[in-house]
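Given next are the chains, with one letter for each unit.
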Amino acid sequence: MRRVAVIGVGCSKFGELWDMSFRDIVLSAGIEALEDANLEGREIDAIYVGNMSGGRYLAQEHISALIADYAGLAELHIPSTRVEAGDASGGLALRQAYMAVASGMHDIVIAAGAEKVTDVGAEMAMDILSSSADREWEVFCGANLPALFAMIARLHMEKFGTKPEDLAKVSVKNHRNATLNPKAQFRREISLEVALNSPYVAEPLRLFDCAPISDGASVVILASEEVAKKYTDTPVYISACCQASDYIALHSRRDITTMDAVVHASKQAYKQAGIEPKDIDVAEVHDSFTIAEIIAYEDLGFVEKGRGAELIREGVTELDGEIPVNPSGGLKACGHAIGATGIRQAVEIVLQLRGDAGKRQVDAERGLALNIGGTGATAVVTIFER
Amino acid sequence: MLPRFWRKIKYRYNLVGTYCENCGTYYYPPRNLCPKCRRKSRIKEVQLSGKGKVISYSVVHDAPENFKMMKPYVVALIQLDEGPVITSQLVCKPEEVKIGMRVKAVFRKYGEEGESGIIYYGTKFVPDEKIG
Amino acid sequence: MVGIVSYGTYIPKFRIKVEEIARIWGENAETIKNGLGILQKSVPDFDEDTATIAVEAGREAVRRARIDPKEIGAVYVGSESHPYAVKPTATIVGEALGVGNEYFAADLEFACKAGTAGIQICMGLVKAGMIKYGLAIGADTSQSRPGDALEYSAAAGGAAVVIGNDGVIAEIEGTYSFTSDTPDFWRREGQPYPSHGGRFTGIPAYFRHITSAAKGLMEELGLKPSDFSYAVFHQPNGKFPVRVAKMLGFSTEQIKQGLVVSHIGNTYSGSSLLGLCAVLDEAKPGDRILLVSFGSGAGSDAFSLIVTDEIDDFERTPKVWDKVMSGEFIDYGLYVKLRRKIKFG
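Chains as they are written, first to last, in my numbering: chain A, 1 to 386; chain B, 1001 to 1132; chain C, 2001 to 2345.
Just chain A, with the same shape it has in the complex (with noise of 0.2 Å):
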């Protein structure tokens, strides 16, 4: 296997984009992508895209040639994919792109992620995001995603002694990292009493525990190492990108309160990268909810199952603390466009290595990002080096 670089980022504003469509969100992550790797576009040998549901958030299938073809490149005839597994679809293109470099049969790559929320009314994309679960055997019952995500925390409380203070916590310090991040939805600071007396949506999950469903667009763009270094004298590696699956009902699950896909995901990534859990610098998680944070921190190995809570009670997470997670903000503050997700996550780990991330800074070497579909039935773990 070829080692891969990444060449090139590029992301929209994250949020309610009401004058852009689709077409037009992508069309801003890919040109600043393209800016940045310094590439004309003619280079590109193929295109992988996260989207989760263009059928029921556009009533759009066969993403993959649509953003080809507005992302201007109709004419070069090139393979372009879309792939899906719900709001792990972005983790799951960089994976895509990340082997066909890998592999020898592709040179540069497109890694895109988007998704357009908004042209559909809040609850409808709630439904459709709540399809990432299991449809018949959980949805059918009136448990959407916060119902689920929400029934992993109570058990976690009752289990492990998590408080409601230790999510709104997580809630707080995405937020404030957020107003670091110019590209993010929500850019202002809350209060821990602000989150603590927000509106329950699924008890005990309050409306700051969730993340928002945005609209947004992220590209990156990969280059196998030769390759790269015509392109960028700041390239970033990867060096592992891991991908678990696990029962798509939380129901089924070996246990609620860990996620197994994520567990395994990690393992081989670090395995893969030849490091341990330790030697991770940044991170980006995927909080759709701020329970998923937490559990995040157990089941990549940050800290031991069930003691999550204390990384974000000990400001360990923090921007200034041991492991900075989510500096971009997060699902929670930065948002959420689904199938965009896991992509911003890893051009955010890019630019914390590359020294570009601006006010929101770390000292990092090697960051990870982990994508996550549904309640944790797709898992996708990344790492990263300078």
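Hints may be right or wrong, so weigh each one.
[Stated by the list, open to error] Using 30 Å as the maximum straight-line C-alpha spacing, the simulated DSS-like pairs for lysine-lysine come out as follows:
1) B/Lys1051 with C/Lys2013
2) A/Lys305 with B/Lys1053
3) A/Lys159 with B/Lys1098
[To be verified] If you want the footprint, here are the derived chain A segments under chain B, 3+ residues with CB under 8 Å:
4) 122 to 128
5) 149 to 162
6) 189 to 203
7) 248 to 261
[Stated by the list, open to error] According to the in silico footprint, chain A covers these stretches of chain B (three or more CB under 8 Å from chain A):
8) 1049 to 1061
9) 1082 to 1093
Source of the hints: derived by calculation from the structure; they are not laboratory data. Glycine residues also receive a C-beta, built at the ideal position from the N, C-alpha and C atoms.
We have chain A already, so just place chains B and C on it with the hints.
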């Protein structure tokens, strides 16, 4: 969605699950293949008792469109006495539900395809007072 | 010997008091309570309807019968509030009870006596040897126009009986029906609420049919009121059954155990059957019970039952009266929401 609902009526109305005779594991929702035995699976359908206990739960306030009239409602992960954990609604007051409480299956409406569409019936749970 | 092999009941847990309804419509609660002999009525939850009530009552009946549901050869559900205007409730019940696919089934409608009509059909099928057991259910979530006098009584509940000739707890020694075309109460196709003839529902309808059926049956069997330990008459309110009992020569003592209307209201197709089940909860071997239903339109089905020794080994808890007396009170606002009386445009 009509054929999709109809296809599983037996399992929804009646908690008919499956059992792997090779390893002795019960499944609900029903499975055609045992994930522990895979090709060695020997699956047969079984009627489950409908008794169990609450593993975890949530009181849903921000309800999906079909469930708005019921809010706040309780959803729960319920471990049936035969072993499998299922997701279901629990018909009780939000303040009544506790982890570990005994529950039993009842027949209720889950929703409908609009005022002129078919009605989705299925299994919910209520506190099983006899056992406490 | 054909008779009742088992029975089960279901009453939704919510109750609304006469006072609460009267408060909304500016009426005098005491006058209404005295006039109707009703204190409160049952109200179905948002996720309950005639099908769910029928299934729950049916499940209790089948469980207590300790029979294989596949031995049930017929399912008849009597109601005037079937969830579907076209598409049977009986198939929902059959599926939920695991009856299989080889069974006779239909929904019945004869206002408040559709449940007892189902018993007669099952009796016929059992006697003819066409089925081993038949399941007859009377269940309703009855409708009433907001502000109408019916709103104080129109309630929800149901009862299911298994009919057979094996393991009979109450032998049906005779049944007799009295039927005429009398439009005292009706609901036209497509109308949300029923209409009624006011006081016309009394003498020419309820009283004429019940007394005729009761007398006809007693005459046929050579029985008199004093031969019965209990009598149950359809109970649209608390007053009519007491008056009809007196007219026929039955004492208050004979009808007391089966008179459940005061605390749950009129459960329509469930009404007289719930009364019968309340009596069976307490009856002893040898007791003779008179059951007379009434359905507007109009007709009455009378039955004479003799309780057998089998009842001593029959599981009779939870009792109907325990279900009647439990419950949780709701206000009128929640009531109109639960009964889907709010129009959203």
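Hints, verified against the model:
no.: 1; hint: B/Lys1051 with C/Lys2013; result: holds, 21 Å
no.: 2; hint: A/Lys305 with B/Lys1053; result: holds, 24 Å
no.: 3; hint: A/Lys159 with B/Lys1098; result: holds, 14 Å
no.: 4; hint: 122 to 128; result: holds (count 3)
no.: 5; hint: 149 to 162; result: holds (count 6)
no.: 6; hint: 189 to 203; result: holds (count 5)
no.: 7; hint: 248 to 261; result: holds (count 5)
no.: 8; hint: 1049 to 1061; result: holds (count 7)
no.: 9; hint: 1082 to 1093; result: holds (count 6)
Hint compliance for this structure: every hint is met.
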